[in-house]
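The lines below spell out each chain.
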Amino acid sequence: MTTPRMRVKAPKNAIKGEIVEIMTLISHPMDTGLRKDKHGIIIPRKIINKFVCKYNDMEVFVVELHEAISANPLIQFSLVTNDSGILKFIWFEDEGKVYSTTRKLRVS
Amino acid sequence: MGAFSAVSALEAVAGYPTPLLAAKQQVVVIGGGFGGATAAKYLRLMDSNLQVTLVEPKRYYYTCPFSNLVLGGYKDLSEIRYGYDNLSRYYGIHVIQATAARLNASSKKVILTDGKSFSYNRAIVSPGVDMRFDKMEGYNYGIVNKIPHAWKAGRSTLLLKKQLVEMRDGGTVLICPPDQPYRCPPGPYERAGLIAHFLKQHKPRSKILILDAKEQFAKQALFTSGWEQLYGHMIEWFPGSAGGKILRVDAGEMAVETEFGIEEGDVINFIPDQWAGQIAHESGLVDESGWCPVDQRTFESTIHPGIHIIGDAAIAGAMPKSGLSASSQAKFTAVAVIDMLNNKNPETTSLANTCYSFLAPEYAISVASVYHLSGSKIVKAEGSGGVSPINANLSVRRAEAIYAQGWYDSITQDMFG
Amino acid sequence: MRIKSLLCTLAILTAIIAGVPMSLHPAGKEGLLLSLSCTSCHGTYGLSPGAIPTLYGKSRKYLIKTLIEFRNGDRDSTIMERIAKGYTENDIRLIANYFSSLTKKKKK
Ligand SMILES: Cc1cc2nc3c(=O)[nH]c(=O)nc-3n(C[C@H](O)[C@H](O)[C@H](O)COP(=O)(O)OP(=O)(O)OC[C@H]3O[C@@H](n4cnc5c(N)ncnc54)[C@H](O)[C@@H]3O)c2cc1C
Numbered sequence: 001m002t003t004p005r006m007r008v009k010a011p012k013n014a015i016k017g018e019i020v021e022i023m024t025l026i027s028h029p030m031d032t033g034l035r036k037d038k039h040g041i042i043i044p045r046k047i048i049n050k051f052v053c054k055y056n057d058m059e060v061f062v063v064e065l066h067e068a069i070s071a072n073p074l075i076q077f078s079l080v081t082n083d084s085g086i087l088k089f090i091w092f093e094d095e096g097k098v099y100s101t102t103r104k105l106r107v108s
Numbered sequence: 001m002g003a004f005s006a007v008s009a010l011e012a013v014a015g016y017p018t019p020l021l022a023a024k025q026q027v028v029v030i031g032g033g034f035g036g037a038t039a040a041k042y043l044r045l046m047d048s049n050l051q052v053t054l055v056e057p058k059r060y061y062y063t064c065p066f067s068n069l070v071l072g073g074y075k076d077l078s079e080i081r082y083g084y085d086n087l088s089r090y091y092g093i094h095v096i097q098a099t100a101a102r103l104n105a106s107s108k109k110v111i112l113t114d115g116k117s118f119s120y121n122r123a124i125v126s127p128g129v130d131m132r133f134d135k136m137e138g139y140n141y142g143i144v145n146k147i148p149h150a151w152k153a154g155r156s157t158l159l160l161k162k163q164l165v166e167m168r169d170g171g172t173v174l175i176c177p178p179d180q181p182y183r184c185p186p187g188p189y190e191r192a193g194l195i196a197h198f199l200k201q202h203k204p205r206s207k208i209l210i211l212d213a214k215e216q217f218a219k220q221a222l223f224t225s226g227w228e229q230l231y232g233h234m235i236e237w238f239p240g241s242a243g244g245k246i247l248r249v250d251a252g253e254m255a256v257e258t259e260f261g262i263e264e265g266d267v268i269n270f271i272p273d274q275w276a277g278q279i280a281h282e283s284g285l286v287d288e289s290g291w292c293p294v295d296q297r298t299f300e301s302t303i304h305p306g307i308h309i310i311g312d313a314a315i316a317g318a319m320p321k322s323g324l325s326a327s328s329q330a331k332f333t334a335v336a337v338i339d340m341l342n343n344k345n346p347e348t349t350s351l352a353n354t355c356y357s358f359l360a361p362e363y364a365i366s367v368a369s370v371y372h373l374s375g376s377k378i379v380k381a382e383g384s385g386g387v388s389p390i391n392a393n394l395s396v397r398r399a400e401a402i403y404a405q406g407w408y409d410s411i412t413q414d415m416f417g
Numbered sequence: 001m002r003i004k005s006l007l008c009t010l011a012i013l014t015a016i017i018a019g020v021p022m023s024l025h026p027a028g029k030e031g032l033l034l035s036l037s038c039t040s041c042h043g044t045y046g047l048s049p050g051a052i053p054t055l056y057g058k059s060r061k062y063l064i065k066t067l068i069e070f071r072n073g074d075r076d077s078t079i080m081e082r083i084a085k086g087y088t089e090n091d092i093r094l095i096a097n098y099f100s101s102l103t104k105k106k107k108k
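Chains as they are written, first to last, in our numbering: chain R, 1 to 108; chain L, 1 to 417; chain Z, 1 to 108.
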């Protein structure tokens, strides 16, 4: 499979101490391991099992995901801004694959 | 035999109104689509003494219904094309191939773009919708050849079809539906399924992203479960709040900008916001919403008496903007117009709408409702209507696909046959 | 080809019926008006050119029985139950009067 599409909605600029809303979305089938394909063969479980957001290399948000979450999981959370820097978004897939993307945040 | 000669006698005198015909009541119908063609035919069916003139610029009408099957590679454009010969030959309707520039309500005249004008006793206007090129950054008339909307069937449909045929395997198709109100609420989703049907056969590694202005859409549960069953994860839908909302169209880069970043498309089907067709604006028939307010008991304009607006252009209470709504309103209005011309109180009756949508050529679902007047408003008849059952098996979906074709054959015959 | 010629026959048939204004129809105007919502699917005058059944000239008894059964959910249908529920028993009688009164014989 090619790299899944990662999408992030995050502000580019913020004021120090402000609470900012972040939304992320990854295109992922979240195969539960319960579904069969059209030949009746079970599609093995392959889901995003964890999501992490790092702010200047510090973990600021972590969430574990499970099979009951539907395809293309949308994750929404908020952060209190501190210094300008890099927001890194990391998705962990079953069998160890990791996908990530970053956004710059300018705090004034 | 008697019947035939009556019809041809009328045809013989049909022409631009002359003093000879002054005694006859003249009804002019603007636009020969679902609303207009049906209205013209039913006016004549109900009252063969009326002189009915239909103004329509196009020689051939391509139906939007079933145009998504053309995109899906299941029908040819020639199979959704109709002409106006039967209407003039068998029903004595005077068909003028021209564009109406505007109606003058006080002098009761239609003015054509070529400067000719003629009078009417009552007018029925069914111009459909026009696309708004003034609402979205980067979207304008200059880019419709690169980013076709295909929301009026014909050339634009073919253009989109060609782009799909030429797209690489593994490409991305963006479909961007507008917010309500717009023509054919389930249309973009039917389109997604039928494009997926085409891609699955010819370019199976491709993707379809629906970037929606809305948070939900018509028959949503039926569409999403059907798509998954038929196409796995080929179609992805994003609601407005989660990446669907479009901020800008970039035809140069073949991309759109959303709140979640840039989405590139090998093919982009941006469906713009719409409002009533231009003539409604030129004739002062629209309110601030850009659509036409009407007295829902007769479809007569609440702004200019003597002019009735039907179909997509009208604000018709609970009825959605669809071909069957337009056809139903056309018959309802034809009855009202005849009563009003005879100085009778218009008799009212019920209205109906059904929209069939295909998810694949042999898989269709439907939504249906019956409407009636409650006081002066059109409301859904209690207990009626609803969508196809969610848990039905494939044989039901196949039966609905057969009936959808049956509906299409009937309604086009009802309009043009 | 077969479809083409059938459509052509229909056009001529409706043109012949068209000589008599619909609204002067002996079965009364109310039934005619109600029937107008049906004919977009069942064809002009209930003469269907395609897969949807014809209503033109069907017996009054049959039409009433069928429509009541649709309404009560006692008869299998893909769509008619959802439509029939929008009409009263009186509406159904008027509609049945209208379609049953249409026959080729009646025309002189
Ligand atoms: C992709 C797609 C799929 C659809 N599928 C369905 C479906 O399955 N079922 C369904 O019920 N509906 C469907 N619809 C909706 C349906 O096409 C419209 O609701 C219907 O066409 C509305 O009829 P109308 O008479 O208002 O406008 P139209 O049918 O658009 O007719 C307007 C006519 O007026 C003419 N006109 C415009 N301005 C002038 C002027 N100034 N002078 C003279 N003539 C003029 C135009 O040339 C045109 O022929 C679909 C629409 C789309 C886009």
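By construction, these hints were calculated from the structure, which means they are not laboratory data. Do not rely on the hints blindly, as some may be mistaken.
[Stated by the list, open to error] As a list, the in silico BS3-like pairs of lysine-lysine whose alpha-carbon atoms are at most 25 Å apart:
hint, chain 1, residue 1, chain 2, residue 2
1, Z, Lys29, L, Lys344
2, Z, Lys29, L, Lys377
3, L, Lys146, R, Lys36
4, R, Lys9, R, Lys104
5, L, Lys377, Z, Lys85
6, Z, Lys29, L, Lys380
7, R, Lys9, L, Lys214
8, R, Lys12, R, Lys104
9, L, Lys203, R, Lys38
10, Z, Lys85, L, Lys380
11, R, Lys104, R, Lys16
12, L, Lys161, L, Lys146
13, L, Lys200, R, Lys36
14, L, Lys146, L, Lys58
15, Z, Lys61, L, Lys24
16, L, Lys161, L, Lys24
17, L, Lys116, R, Lys38
18, L, Lys108, L, Lys152
19, L, Lys207, R, Lys36
20, R, Lys97, L, Lys214
Hint check:
no., hint, in the structure
1, Z:Lys29 <-> L:Lys344, "holds, 14 Å"
2, Z:Lys29 <-> L:Lys377, "holds, 23 Å"
3, L:Lys146 <-> R:Lys36, "violated, 40 Å"
4, R:Lys9 <-> R:Lys104, "holds, 12 Å"
5, L:Lys377 <-> Z:Lys85, "holds, 20 Å"
6, Z:Lys29 <-> L:Lys380, "holds, 23 Å"
7, R:Lys9 <-> L:Lys214, "holds, 18 Å"
8, R:Lys12 <-> R:Lys104, "holds, 6 Å"
9, L:Lys203 <-> R:Lys38, "holds, 19 Å"
10, Z:Lys85 <-> L:Lys380, "holds, 11 Å"
11, R:Lys104 <-> R:Lys16, "holds, 15 Å"
12, L:Lys161 <-> L:Lys146, "holds, 12 Å"
13, L:Lys200 <-> R:Lys36, "holds, 19 Å"
14, L:Lys146 <-> L:Lys58, "holds, 23 Å"
15, Z:Lys61 <-> L:Lys24, "violated, 41 Å"
16, L:Lys161 <-> L:Lys24, "violated, 47 Å"
17, L:Lys116 <-> R:Lys38, "violated, 63 Å"
18, L:Lys108 <-> L:Lys152, "violated, 30 Å"
19, L:Lys207 <-> R:Lys36, "holds, 21 Å"
20, R:Lys97 <-> L:Lys214, "violated, 33 Å"
Violated hints, in rising order: 3, 15, 16, 17, 18, 20; the structure is consistent with all others.
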